[in-house]
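Novice: Protein chains in written order, with our numbering: chain F, 1 to 195; chain X, 196 to 933; chain U, 934 to 1052.
To be clear, the hints were calculated from the coordinates, so they are not data collected in a lab. If you're wondering where the values come from, they're calculated on a predicted model, not measured in any experiment.
FRET-style restraints, in silico, Cβ to Cβ:
hint: 1; chain 1: X; residue 1: Leu903; chain 2: F; residue 2: Ile8; range: 47 to 53 angstroms
hint: 2; chain 1: X; residue 1: Val881; chain 2: F; residue 2: Lys111; range: 56 to 62 angstroms
hint: 3; chain 1: F; residue 1: Thr141; chain 2: X; residue 2: Ala254; range: 41 to 47 angstroms
hint: 4; chain 1: X; residue 1: Pro212; chain 2: U; residue 2: Ala1039; range: 32 to 38 angstroms
hint: 5; chain 1: F; residue 1: Ile8; chain 2: U; residue 2: Leu987; range: 20 to 26 angstroms
A virtual CB, placed ideally from N, CA and C, is assigned to each residue, including glycine.
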Amino acid sequence: MTFTSHDIAFVGLALLTLAPAALVVTLRNLIHAALLLGCSFVGVAGLYLLLNAEFIAAAQVLVYVGAITVLILFAIMLTQKLADNRFAGAAYNQLGWGLFVAAMVFLSLGKLIASQTWPAMYDAAPVADTTRVLGVQLLTTYIVPFEVSSVLLLVALVAAIVLARDEEPVSVPAHLNEIYDDESADQTPTGGANA
Amino acid sequence: MLEYSYWIAILPALALPINLGRKWKEPLPALIGLLLIGIAWAWSVAIFATTLHAAPYSASAVWAPAAIPLKIGFQIDHLTTLMLLVVTTVSLLVQLYSIGYMHGDPEFNRFYAFLGLFTAAMLGLVISDNWMLLMIAWELVGVSSYLLIGFWYRKPSAMRAAKKAFVVTRLADLGMLVGVLILWNTFHTLNFAEVRAQLDPANAAMIAACGAAAIGLFIGAAGKSAQFPLHVWLPDAMEGPTPVSALIHAATMVAAGVYLVGRSFFLFEYGSLHTFHVLGIGITALGLVRFLGVITLFMAATIAMAQNDIKKVLAYSTVSQLGYMMMGIGVGAWVAGLFHLMTHACFKALLFLGSGSVIHGTGTQDMREMGGLRKTMPKTWITYVIGYLALAGFPLFAGFWSKDAILDGAHVIGKFGPAWYLWVGVGSAFLTAFYMTRQMVMVFGGPKDGARNPSLHVHESPWTMWLPLAALAVPSLLIGFVGMPSHNLFRDYLSEPAAQVRAGSEPAALPAYLSEEALQQPGVDPAVKAIHAEEAEAGTLLPGGLNPTVTTSATAAGLLGLLLGWFYFEAARKRSAVMAKDTAQRLGLAHAAHAGAHGHGDAPAVDGAGFWNEPLPGLISRPVFRFLEDKWYIDEFYMATLVKGTFIVSAICAWFDRNVIDRIVNGVGGLGLVLAQVGRGLDRYVVDGIVNGLGAVADRSGRWLRQLQTGRVQNYAVVLYLGALLLVMAGLYKIPHH
Amino acid sequence: MSGHLAPYLIISAGLFSLGLFGALTRRNAVAVLMGIELMLNAANLNLIAFNRFLGPGGASTVNGMPVDGSFTPLLAGHAFAVVVITIAAAEAAVGLAIILTIYKNARTINVDEINWMRW
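Pulled out of the complex, with its shape left as it was, chain F reads as follows (with noise of 0.2 angstroms):
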């Protein structure tokens, strides 16, 4: 069995996905966790260009190292005073379970996968310019999902504003008092007849 370069870098990627990721589910510093969660999406950037797939893995690094890894780190930020000492508290819950729902699951998958027999990657790249043909094609073919993607970012952007925001009370002008005076006559006291 000989090691090409492919493979030398396909270890090292996995390496670099795989630690990163178990302590980002370990660390009780969310700060940490967050840094090593961009680590590790880079890792998976880069297993995305040995499998031909370089405008995923730009993409990959766009989205998640830039844009999420940064709002979760401003999330944590806005939630978490360090100091607070119900940081230094347990940081798990059920972690039996946990443990052992994820080793079954990893066990089953693992299962799954050697049960089969996979072709193995053909030689030469299918598609040279996959970022061209793709582009194309999402345009074409996979239209109707890149369309609902773009209505799906609009309603979770409007949708973020709208939870992050503060309603604002309303104003009745002056001239109206005399109509919409009586809800301020009902809050004041007037003698308990209702009582």
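Start from chain F and add chains X and U according to the hints.
Specialist: Same frame as chain F, now just chains X and U:
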């Protein structure tokens, strides 16, 4: 295009969910409403243009499939097209106007949502091709009217007015429901054209049924169109915002009753072949229509003379004009009635929107506090004058032609039956001119800073408010010419595709549902004879084809009303101003010296302005004036009879219930008690044991199982994955290896 | 080794299980979200790997090679991956907005304390 025209009635309703969806910032709801009604308006105009000479279009679908299927549908004929134009035009202008009038109201979006609902319901009402859908839209119109009258629901008076309008019109709708049920029972269809095709002039039972159905429909129409004795809700409905009064309570909804009678006119005509005898009085469908119409006409005109609220005057004027329309239809001139509906929609919407502009500019509705607005609100003044002259029947203005057409019908019926309809109509034309002149003098007359309440800060309204006024002033001035008797485009338009009724010089052909023999029977209403009489008096007509008797007397009455009113009230205003000055100087009230000040509310008048509290000195005595000011005590009469009567009947029923029915029930109950004792033992020890046992099982298991719902999302996820794992395992160990 | 599909799948399975472990056990909601991101990445890796080895062209290929030279290869896996990345971005944005709202209301983002929806 025609086959999709039902969308005209659906489009404006979309404003309801959109505008109620959330509290949009201010101009947006108006823009949504204007966009939707604008589309409907443009579509209506397109329909008008394309169907000018076309046969009616109609389409229907089975709603309730049965042995006798219930079908609903819509139709586009000339009457529907006309109503579509009137409703969409007025609604469009009112929605534009409301941008200014409702500015700053925190519930701006709700207002436009309800306006959209109302417009859609009204359009659905006129586009329907059957009484079923018409009745549904009719009720929707009633609901939206209720919602809009009570728009300022924090005002107790608005709340009461909304309830009153709803209850009174619902009571009337009961009559309509009965009428529709009679029609269904007689014809097994509710489609206008299908019923019309089945009418048989030789079938006496069918004639009587149709007469009863027509009377039922008219009761419904009298409720919506505020005819005596069901008119009491309309003046109270002025508690709603003024654009609502203009749209609903002047131009469209109150005209729905006139539309219904006009649309069902063939039924009224056919049903009037039969006379019902009630307590020795002969009643026909058309006879009832014109009798109540003429009473309404006269009564409301007298009441309008004694009102001091600018909108109440217009409200009673509306009731009075609706009486004209009903009387016109009742004497057989249904085209004239609908013609007056159209012209009245223009000039009364104009007057109401103008009064809204005045209210907006001065901040009060009491005419005693106004005065001199001619200078401070010039645009409102000019348009108001046009509406005033149109309403007063000034020659060549819109109201002149339509009022004349109705009075002409009253003149024709005079040859076959009672002649006094014409003279009451002429007298009411005088009253109309008189009370409108009173209003003009009180609101606009006098010197520039003549507002009798000096604390008012008068200003002209924004362009969104006076532009609709200007737009309505044009038809108020000109639209009457389409109904000029010698070249009556309006009548030709309405009757073109249908049978040629009294059109041109051709001999009047009887429609299929009438026959010469049927017309000769005793008990036929004179109006029916009048419609189908030979044209007479040719050669003695005035230019434009006007009848000399009718036109001269009506025009003379109107001009007399204007002139007398002007001299009388202008002189009175000057005298009161002089008296005010004298009084003020004597009391040393400097600020009131040139203002003829009248304090807010009912403060005792220390000056000549007290004159306006009894505005007809020397003309009618104080008790009569009180009688008019208190609206003929009709509300009090209802309070004392209907409402009090209901309470008394309720009390009697309650006594009967307690002392007779309860005794019987208790006796039966006692017997049951004995039997129950027997059953009780069985129940307690046998049945209960089983039931309680089952209940306990459910109770215990429920208590135990509910603990599974921990509220922790990760617990759920673990269970979910365990389930998924089980499925995967089952799959893995079932598939054989290769 | 890198010329076979199975190693990629195993790495993907490992990444998925690690993410699942994080999502099931971490107390902090942001950490749970991080675990979910790892699981999404594992799914993406699978999609790309399958596209490389089993596609393109699906049934029209023998051992991954086209039957004739003139076909348009479909990059279905890549297109899927683009959609998944989009969804992941949207999920992260909305999820973090929800977490911030919960934090504003409850001053905590520990998932075991957010248990108002129970019996």
